[in-house]
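Put together the whole structure using the sequences plus the hints.
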Amino acid sequence: MKAKKTLNMITQRAVEEGIAMEIGKTSRQYFDACSIIEMNEQDMKELGIMKNTNVRVKSESGEVVVKAVVGRQTCYPGLCHIRQGVWANQVVPPRTQSTGAPQYSGFPVTVEPVPNERLKTALELVQGAVGMWKGDQ
Amino acid sequence: MSELLIKNGYIFDPISGIKGDKADIAIKDGKIVDKVSSKAQVIDASGKTVMSGGVDIHTHVSGPKVNTGRMMRPEDKFFRGSYRGGIIKQGKRMEMGFSIPSTYKTGYAYARMGYTFTNEAAMPPLLAPHVHEEFRDTPILDQAAMPVFGNNWFCFEYIKNKELENNAAYVAWLLNATKGIGIKVVNPGGTEAWAWGENCTTINDPVPYFDITPAEIVKGLIETNEYLGLPHSVHIHGNNLGNPGNYKDTLDTLRLAESYKAKNKFGREQVLHNTHIQFHSYKGTSWADFESGAKEIMDYVNANKNITCDIGQVTLDETTTMTADGPFEYHLNQLNHIKWANVDVELETGSGVVPYIYDKNIKVCGIQWAIGLELALYAKDLMRVHITTDHPNAGPFTRYPCVIKWLMSEKARKETLDTMKWKDKVIAASNIASMDRELGLYEIAMMTRAGPAKALGLAAIYGSLVKGADGNVAIYNLDANDLPSDPELIEAAFQNTAYTIKEGVVVVKDGEIIAEPHKYTLWTKVNMPENAQVMHDIKEKFTKNYTVNLENYAVFDEHVHNPRAIELDVA
Amino acid sequence: METITMTLVQEPELFLECYSVTPDLFAGKSLAEIADLPAHEGKIQWKLGDFFKFEGKAGETAADTKIVVNGNVRRMKRFGQQMTAGEIIINSDADMYIGGWMKGGKITVKGNADSFLGIAMEGGEILIEGDAQNHVGSAYRGDWRGMSGGLIRVKGKAGNDIGTAMTGGTIIIEGDAFIHVLTHAEGGTVIIKGDVEGRVGGQMVKGDAYILGNLLYPLPGFKKVATVEKEVDGVTYTFDQFIGDLGERKEKKKGEIIYGNIFLKK
Amino acid sequence: MPKVIENVGCPYCGCSCDDVRITVSDDGKDILEVENVCAIGTEIFKHGCSKDRIRLPRMRQPDGSMKDISYEEAIDWTARHLLKAKKPLMYGFGSTNCEGQAAAARVMEIAGGMLDNCATICHGPSFLAIFDNGYPSCTLGEVKNRADVIVYWGSNPAHAHPRHMSRYSIFPRGFFTGKGQKKRTVIVIDPRFTDTANVADYHLQVKQGHDYELFNAFRMVIHGHGKDLPDEVAGIKKETILEVAEIMKNARFGTTFFGMGLTHTDGRNHNIDIAISLTRDLNKISKWTIMAMRGHYNIAGPGVVWSWTFGFPYCLDLTKQNHAHMNPGETSSVDMAMRDEVDMFINIGTDAAAHFPIPAVKQLKKHPWVTIDPSINMASEISDLHIPVCICGVDVGGIVYRMDNVPIQFRKVIEPPEGVMDDETLLNKIADRMEELKAKGEA
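Respectively, the protein sequence lines represent chains A, B, C and D. If you read the first sequence in the working numbering, its first letter stands for residue 29, the second for the next number, and so on. If you read the second sequence in the working numbering, its first letter stands for residue 6, the second for the next number, and so on. If you read the third sequence in the working numbering, its first letter stands for residue 237, the second for the next number, and so on. If you read the fourth sequence in the working numbering, its first letter stands for residue 3, the second for the next number, and so on.
Keep in mind that a hint or two might mislead.
To be verified - SDA-like, lysine to any residue: derived pairs with alpha carbons at most 20 angstroms apart:
| hint | chain 1 | residue 1 | chain 2 | residue 2 |
| --- | --- | --- | --- | --- |
| 1 | D | K322 | C | S256 |
| 2 | D | K239 | A | Y104 |
| 3 | B | K94 | C | I280 |
| 4 | D | K240 | C | Y453 |
| 5 | D | K181 | B | N550 |
| 6 | D | K184 | D | H205 |
| 7 | D | K431 | B | R141 |
Honestly, the hints are just simulated from the structure, not real lab data.
Take a look at the structure:
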């Protein structure tokens, strides 16, 4: 079953992300820490998303595939969270309400299960976005 | 070897007693000398007024609260640059800001007015590296800063326990750690009280928990200052600033100095400098019956030679108030409802910042303006009464030329008074309209360089044209024998010098910055044996209460810009 | 009134700051002098004549000068900044700061305007036929003195921060608005004919907001006190009147507490 | 003999802890042991002495590969492009000392460009609020020594500032707070049940994006209108609001620490603005302070340095020579990127490619892109030129400003890789080179 529901997404710092970032943005640790979306269990049920499966998150400004998990720091139903970093920023709207700060918190996304789609690496996402990705070397 | 000869100017040098005589000033290798060789660069100062470089005894130009003011007031910059016919870039860096200028503008603007030394009026010790960073980025001016002690927990405890020697050792240690020049006191006890949302409004209000009064703090610090023999005296902003009726509290504070005599090797005669005394000379019981207490205050100052003061003249501008008197700033914000910043600093002090508009159409502002001028005009010994605006509290330092104009010209005072909406009420609440005294250039030199330098204990280096002093000279486009009848021309002459010379280098010519030579950071180095008890106390407080480690507290040598230590030995 | 027409002949690569395009600076000048007035593209100081061709004639005074701007000036800022009189008509979209710090005269934009439209305006009239972005009639950063007089009318919709720190004058948004209307205001009137997301009148001391559409998230700080009839932009409606912000300080006038008002159409 | 260096500052978060103990190898090149530091700080020091540090600038070649070049070439290339660009932007400074930030100010003043720091996407809205409403704050020691009520609003120190609660706020025993956590009330306001909420006495799970309404409700209670509150505001029950407001009113000394939860959501600056108003209100009846949870160890630095240099903390437009201009929304990096207002980008001491929304990265990438950073990161991997520099707090010292604007003097603990410059030296060389080129009329 494929369902779509609009969730309210936020992106914030996490200690796992902080550690991984200092190891390096191309590291496995950074990939593991940041390519996940934390959701409420109820939303996952409604959307037919199994824990630890891949989902496509779409916003007004882009889309990204991440792995769905129920985080330790729980969201209420309707709220979801991708840790700050490369994956989150594929969907964060750049609009700033004339303040300079993009809409990192509180923007609508749709989340749909795509269990067979692959997660991209940070480098693939960023270089891909600017037309520089040449595949894994 | 550089040599400079300033020829034929009218010299005003109160330190050596020269009152407008036509003479030459010679500078060699940065110092005033008797004569120079024929190869010296010559500046023709004929028909011009020559004074030593100006000395500002009390100004807030560098450090955390000044910068908080800059940061929180973008509107102080907007449309005040070239948009509105402002300054075109003259020096290496652009100049920004009106009431709280950028460090670059600060250096350039003081130099254009002929000033070469400023004393930052309040340095929170914990934040001292910030002050020194700003010194690095303030061109031309030699600078010093006074750490604040009036709400310091160490001082509270030593003074309460009557441990004078320990307090002295602590003060010496802190001056060394922060590279400070002397003892500043702001609302003694009141700022600590503000950390609990309270205040000390009289000299006898006990400080919460510490069981000490402002009177005890002030006396303890005077005793400490004279025990050490520091170049400057205790520099006080007393309790109850800015409130109607506070002249009584000011007199109470001044009387605390009565039994003390200055002990130092720097030629300083006072034991207490009461800063921005205008803010402390208010009579009345409320803003409705607010009136001048200038006469009462200046009568006392005139009669007591062990006191100096600066006036803190209100300039009738939109400005930014900032002080370590945290409760006052909160109180002010409750009156004007503009934005309010506050920084309480652990174990040491606090501060607040609030924009303020001294509107000439508001009665109280007009009376405040009158009080500052009255204080100066009542003064008998102008070596002991200095020109300041408590920059930027009563107005920006760039208005000094305007203050000088008001002091030198009754006509200028009348003209300003005439523009006030509540002129009659201002006149009724002050004596300004009846005062016809007009100060001369010699008196202005006393108030702007010689007096402040002497009070700071620095007259051998600054504020003076005596042999051996730094070759800092201001040459103004004023014919001392034929002063202009239009007071605006006096203001214009003091706004932009014909020449400003810093250590023998011409830094300003015809009001334009032309050179940016190196500058010094002055500080007081007290040589005395280490005090084991005090070092123990310091270590303990750093372990238990501070959030910065002791080893990272003292300003690292590499962060002190071009230090110049005033040394003294204490056995 | 004399009319001078400026037509875009060269698009700037980046954005052009057209702070010189005001009746005040054009008045009394020849076409050649006007073409010589400065405009900035980043750090490059150009002349207006590098981008526009000028026809017609400027009046002797600002009040006597009408400027018509042709061509797509979407990437040009600061038209009519600080103008005191006269008229500007822009026949396309225009960028930021249209009529900023304006004191008098009239500006019409036939397309959309970007943010900071009429900020800190003191007088005169601005008409935007399309949409406006954020900070319509707001204060400059940090200033507690926002728009103090004049009229801004936006026929389309607008974003956030409408009339922030406003002290006087009128803003009419004929379409929808987003959030923060009359925040920190100490006077002035904002009329929104469409819907508003929320945060109307937060931290407001004084001022009047009229909302003809829906207010999705009203602030808790406003309390309903009456139902009144009021004329708004020539039409009379029945409104529920709310007073607030009850969380903000209040001033007294002649012993009476002054509140900010929100009038919600019933 | 390995050497122990004490009182080292940690170059990670805004806590700027200065009690780190580091053991370095005999030759001063390796870090052997790191103590008194959080998990993230440990990684920074580890990376500082890793063998694969970049040692030379790298220039992108037509085939997309990177080629090592000399510092001189990199400096010249950067200087020439800065002079050529009509509106270059230098952005970053999340991990740069103040000396470097002051040098950057000089570079961009000569270049006539735009200068911005990471606050623009983090606590920039807090600056906007400070502009509008002030900042009643204090140093962290005041919190440690006095505070009995702590509010974390939209901030999650358990993750973003790992030692904040233990060093400064909840747990330490200070002068008047000898009982530590036992005598403190902790209130966390966050739409998620965060790890910080887990240690709080109260967790108010505010409806995301509606903090402003909740602040408004608290202010109503303080102003005596508690009875007029609706039954629920922003997902929080009226009784809870009244109860928490009572705790706030009865505090001897309270502090609100706020974070990205307020600055990144609808209303941005206004969420902080009203928090400041609430703090001001509370000072009528109690003593309250407020503080931004600044993200990086010296991200307060550029705001401080540029305020004394130009009068504005961020989003600086230095294109006009005689005066600076600032207006976030216009002169802010992401807005300029999205509007395509700039024609050269220098990413320094941060990773814009990872931390900007991707549409902004795409826009900036249309123009020459220089990355100045010790590490390989997303920005370096899409840039035209990558210039490596020292790591502040590891192989170069300097002054940094903690989240409470207290200057902390950082030490150098190991020698940088041979030949690698620090930010200040590099930037001053770029500035000198621009002055040279200008003097020669090559600009």
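Results of checking the hints against the structure:
{"no.": "1", "hint": "D:K322 - C:S256", "verdict": "holds, 15 angstroms"}
{"no.": "2", "hint": "D:K239 - A:Y104", "verdict": "holds, 16 angstroms"}
{"no.": "3", "hint": "B:K94 - C:I280", "verdict": "holds, 17 angstroms"}
{"no.": "4", "hint": "D:K240 - C:Y453", "verdict": "holds, 17 angstroms"}
{"no.": "5", "hint": "D:K181 - B:N550", "verdict": "holds, 14 angstroms"}
{"no.": "6", "hint": "D:K184 - D:H205", "verdict": "holds, 17 angstroms"}
{"no.": "7", "hint": "D:K431 - B:R141", "verdict": "holds, 19 angstroms"}
Comparing the model with each earlier hint shows no violations; every hint is respected.
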